[in-house]
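Undergrad: Spelled out from the first residue to the last, the chains are:
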Amino acid sequence: MTASPANASPTAASTTAAISAEGLTKRYGQTLALDDLDLTVEAGEVYGYLGPNGAGKTTTIRLLLGIHKPTAGRAELLGTDAWRDPVRAHRRVAYVAGEPYLWPAMTGAETLEFLARVHGGVDTAYRDELVQRFGLDTKKKVRTLSKGNRQKVQLIAALATRADLLIMDEPTSGLDPLMEMAFRECVTEAKDRGQTVFLSSHILSEVEAVCDRVGILRAGKLVDQGSLAELRHLSTHTIEVTFDGPAPELPPLPGVQVAETGPSVLRFEIAGRDGPVITALAGHQVTSLVSREPSLEEIFLRHYDGHVSR
Amino acid sequence: MSAVSQDARPLSRQSPRAARGPASAVAARVLRGGRVLTATFGYLFAVYSFIQPVGYRGTYPAAADRLAFARDFGGNTGLRLFYGEPHGLLTVAGYSAWRVGGTLAIAAAAFGLVATAQALRGEEDAGRTELVLAGIISRRTAYWSAMAAIGVAALVLWAAEFAGFVAGRLPAAGSAYLALATVSVIPVFAGLGAVASQLAPSRRVALELGGGAVALFLLLRAVADTASGAGWLRWATPLGWAEELRPFTGARPAVLLLPAVASVLLLGTAARLAARRDLGSGLLPARGSAEPRLALLSSPAAQSLRSQRGSLLAWTGCFAVFMFILGLVSGGVSPADIPKNAARQLGKLGTGSIATPSGYLSFVFFLVMLAVSLFACAQVGTARREEAGQQLETLLALPVSRVRWLGGRLLIAAGGIVLISLTSGLLTWAGAVSGGAGITLPQALEAGANCLPVAALFLGLTALAYAVTPRASVAIGYGIVTVTFLWQAVGALLGAPGWLVDLTPFAHVGLVPAQPFRAADAAVMAGLGLAAALAALAAFRRRDLLSA
Numbered sequence: 001m002t003a004s005p006a007n008a009s010p011t012a013a014s015t016t017a018a019i020s021a022e023g024l025t026k027r028y029g030q031t032l033a034l035d036d037l038d039l040t041v042e043a044g045e046v047y048g049y050l051g052p053n054g055a056g057k058t059t060t061i062r063l064l065l066g067i068h069k070p071t072a073g074r075a076e077l078l079g080t081d082a083w084r085d086p087v088r089a090h091r092r093v094a095y096v097a098g099e100p101y102l103w104p105a106m107t108g109a110e111t112l113e114f115l116a117r118v119h120g121g122v123d124t125a126y127r128d129e130l131v132q133r134f135g136l137d138t139k140k141k142v143r144t145l146s147k148g149n150r151q152k153v154q155l156i157a158a159l160a161t162r163a164d165l166l167i168m169d170e171p172t173s174g175l176d177p178l179m180e181m182a183f184r185e186c187v188t189e190a191k192d193r194g195q196t197v198f199l200s201s202h203i204l205s206e207v208e209a210v211c212d213r214v215g216i217l218r219a220g221k222l223v224d225q226g227s228l229a230e231l232r233h234l235s236t237h238t239i240e241v242t243f244d245g246p247a248p249e250l251p252p253l254p255g256v257q258v259a260e261t262g263p264s265v266l267r268f269e270i271a272g273r274d275g276p277v278i279t280a281l282a283g284h285q286v287t288s289l290v291s292r293e294p295s296l297e298e299i300f301l302r303h304y305d306g307h308v309s310r
Numbered sequence: 001m002s003a004v005s006q007d008a009r010p011l012s013r014q015s016p017r018a019a020r021g022p023a024s025a026v027a028a029r030v031l032r033g034g035r036v037l038t039a040t041f042g043y044l045f046a047v048y049s050f051i052q053p054v055g056y057r058g059t060y061p062a063a064a065d066r067l068a069f070a071r072d073f074g075g076n077t078g079l080r081l082f083y084g085e086p087h088g089l090l091t092v093a094g095y096s097a098w099r100v101g102g103t104l105a106i107a108a109a110a111f112g113l114v115a116t117a118q119a120l121r122g123e124e125d126a127g128r129t130e131l132v133l134a135g136i137i138s139r140r141t142a143y144w145s146a147m148a149a150i151g152v153a154a155l156v157l158w159a160a161e162f163a164g165f166v167a168g169r170l171p172a173a174g175s176a177y178l179a180l181a182t183v184s185v186i187p188v189f190a191g192l193g194a195v196a197s198q199l200a201p202s203r204r205v206a207l208e209l210g211g212g213a214v215a216l217f218l219l220l221r222a223v224a225d226t227a228s229g230a231g232w233l234r235w236a237t238p239l240g241w242a243e244e245l246r247p248f249t250g251a252r253p254a255v256l257l258l259p260a261v262a263s264v265l266l267l268g269t270a271a272r273l274a275a276r277r278d279l280g281s282g283l284l285p286a287r288g289s290a291e292p293r294l295a296l297l298s299s300p301a302a303q304s305l306r307s308q309r310g311s312l313l314a315w316t317g318c319f320a321v322f323m324f325i326l327g328l329v330s331g332g333v334s335p336a337d338i339p340k341n342a343a344r345q346l347g348k349l350g351t352g353s354i355a356t357p358s359g360y361l362s363f364v365f366f367l368v369m370l371a372v373s374l375f376a377c378a379q380v381g382t383a384r385r386e387e388a389g390q391q392l393e394t395l396l397a398l399p400v401s402r403v404r405w406l407g408g409r410l411l412i413a414a415g416g417i418v419l420i421s422l423t424s425g426l427l428t429w430a431g432a433v434s435g436g437a438g439i440t441l442p443q444a445l446e447a448g449a450n451c452l453p454v455a456a457l458f459l460g461l462t463a464l465a466y467a468v469t470p471r472a473s474v475a476i477g478y479g480i481v482t483v484t485f486l487w488q489a490v491g492a493l494l495g496a497p498g499w500l501v502d503l504t505p506f507a508h509v510g511l512v513p514a515q516p517f518r519a520a521d522a523a524v525m526a527g528l529g530l531a532a533a534l535a536a537l538a539a540f541r542r543r544d545l546l547s548a
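Heads up: the sequence lines are chains X and S, in that order.
According to my numbering, the residues represented by the first sequence are 1 to 310, in order.
According to my numbering, the residues represented by the second sequence are 1 to 548, in order.
Errors might be hidden in some of the hints.
With a Cα cut of at most 20 Å, we get these calculated SDA-like pairs of lysine to any residue [unchecked claim]:
1. X:K147 with X:V131
2. X:K147 with S:R293
3. X:K221 with X:T31
4. X:K140 with X:D176
5. X:K147 with S:R128
6. X:K141 with S:A526
7. X:K147 with X:D164
8. X:K69 with X:D35
9. X:K69 with X:D36
10. X:K139 with S:G127
11. X:K141 with X:A116
12. X:K139 with S:F82
13. X:K191 with X:G44
14. X:K141 with S:S289
15. X:K69 with X:G98
16. X:K69 with S:A388
17. X:K141 with S:G127
18. X:K141 with S:T504
19. X:K69 with X:G44
20. X:K141 with S:G282
Keep in mind the hints are simulated off the structure, nothing from the lab.
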């Protein structure tokens, strides 16, 4: 839960960090999928890794896990380079893959048992509890399960390991809203138990609900990082003012954008302090004034405004 | 909203691909998906049909030689098992029809089955059929488009076989008819594969059902061709129809009606069945749920063995039955007094001195060698499928090293090769003893074990191809095995220098039990196989996982 500042030196923390990456770069042929990523996730943190499709989220995870080889740079999970020594690195890690590809001919129970034995021991009582909570019919063969139900199998298998580090690639894709709530509870429990969670997602409400810190990835580059409060602070916020009568003409203010959103409503997008706006409003007939912090969605969209395709 | 859909329509009309219509798009997709399979079989058909007339003409130039050959081999029951009943061994054309027709009919059956199961069921298992059927195409049209693509592939094989014969200087009209007789098997087994694809819940089960049918029809033909008075059974098997077409030896084109009617019935039945079932399921009752069975779940290798053990046992069982029958038949092979010169010439045909029981068994085990080599490629194929299906990513994110995973797969493959080879040896002995052929158990087991070094070499090479270039690896493996197997015969016939012929591993095996086991060559092959496997393990550690 130590929300380290965005500009913390990665080397200083690398001995204790759950995840540390330095200059991590990956090229697939001509495509630069990940560009010089520096990333530190402290032990006990829930880290939200945001980005649209194709931004490099899954690439990052595959590099972290040593499933793909970095073109440059290095990555460590709990102090171990997973490319060099995957077995050691993965003992304390559990992974939920982006797509729930499992073995179609095995039942849910057989799959859970297989993954547990290969991982080397799980909390079976907790696993049974998770099966109940997610409402999974473990007698069904994987081939007959929907995508959401296959996703549950993966989630239960990962959570039941009680691994120190959970790496999840869009874990709630395919889950219904009830199951998504169950998932959020599980993440919160994991955090309370001291586990670290690395959550790649593009579902902003989910990240906003469970994550301590957020990184925003765009076209293979980390463009913003910090706690939600920090991101909000650095970002613009909104004041919406309703007037008694038509909205007045106000003089231009530095760092403030004004838009008329109704016949007598003005919206101020403010990059810095509120003072100048309040001063400008003095003497006008204001009936209501609503100040709103930006949602994560707004922060996110601002980073992608006009950049969605490179 | 309406403006959007109005905009979209002229756009799709403008697209040249869309202009061809969804039916031809599906057909083109199926054709493209099966191009490696079609090319491999095309190569086999062309080369095999070229070798036979050229070889025969070279080996038996004079009428007297041919008469002697016909006397000795015409009644050889062991050979009839593979090639069917000969009708005219005195002409190049008649001999070619006998040698090529019977064997390639089996290959044609396998092609029809595999191509159809992949086009129908493989696509469906991968979830792509759902995508296609969500478009503006009916089930019926999609089905017939896929089958039309297989029809085009069958035409390619016909052309390959025809070209082989013509290059071997057989008359064009007769060659066209002989190739037609072979290829007429394809639609029948494509129809069988199509029906199996409706019944089975997955591609694998469809292949197993269809494979069972091929084995059954082959057995029927074997009985018809070898047991006296059972010739009428030939009419009960599509593989026999190809024989009854009698290319070059009193052609009976009316028999073509049989495969034509059978294909139409089978393909039509499959189309009707396809309309009655839900996508992604089979018509045979399949259990969607089961009590957990927790055996063989302790490691990736154990789990792989668990998922394969059914088909592994089925294949071993098939080998056991066939080898027992071949052993039984070998007792009846007459140790004819063939002149030494003719025996040596026969060796050039790639069959060794097959007129003695042990010579015949050597020939049979030469084919077992080919079979286990192909099995080795198939095993690497299952490993690749686990990677392509991304299950491997889940496994390798667990504390499992790549070396352990691939090493386990290779050990299972090696175990399967040993199991099949030694079972073949054991059952051949049992059959031979029952049939009165004088082969001892150690000899039979030695013949089985003699298959191992070659298979180990191909397993290693295919594994190395997998580690370096995963997507092409299985095609490379099958390609190397097929090319090198035929290379010995082709090279000898074309008069290629010895060192060039010696490039193929199949030139370095002793034909046990007729010839002594060649220990040094075997050691080299096994050693190369092991080295390639170790190189594969090292190389596999260095690459990214690649999905389909």
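Undergrad: It remains to establish, for every hint, whether it holds in the given structure.
TA: Evaluation of the provided hints:
no., hint, verdict
1, X:K147 with X:V131, "holds, 16 Å"
2, X:K147 with S:R293, "violated, 23 Å"
3, X:K221 with X:T31, "holds, 13 Å"
4, X:K140 with X:D176, "holds, 19 Å"
5, X:K147 with S:R128, "holds, 15 Å"
6, X:K141 with S:A526, "violated, 41 Å"
7, X:K147 with X:D164, "violated, 27 Å"
8, X:K69 with X:D35, "holds, 14 Å"
9, X:K69 with X:D36, "holds, 14 Å"
10, X:K139 with S:G127, "violated, 23 Å"
11, X:K141 with X:A116, "holds, 17 Å"
12, X:K139 with S:F82, "violated, 47 Å"
13, X:K191 with X:G44, "holds, 6 Å"
14, X:K141 with S:S289, "holds, 5 Å"
15, X:K69 with X:G98, "holds, 18 Å"
16, X:K69 with S:A388, "holds, 18 Å"
17, X:K141 with S:G127, "holds, 17 Å"
18, X:K141 with S:T504, "violated, 45 Å"
19, X:K69 with X:G44, "violated, 27 Å"
20, X:K141 with S:G282, "holds, 15 Å"
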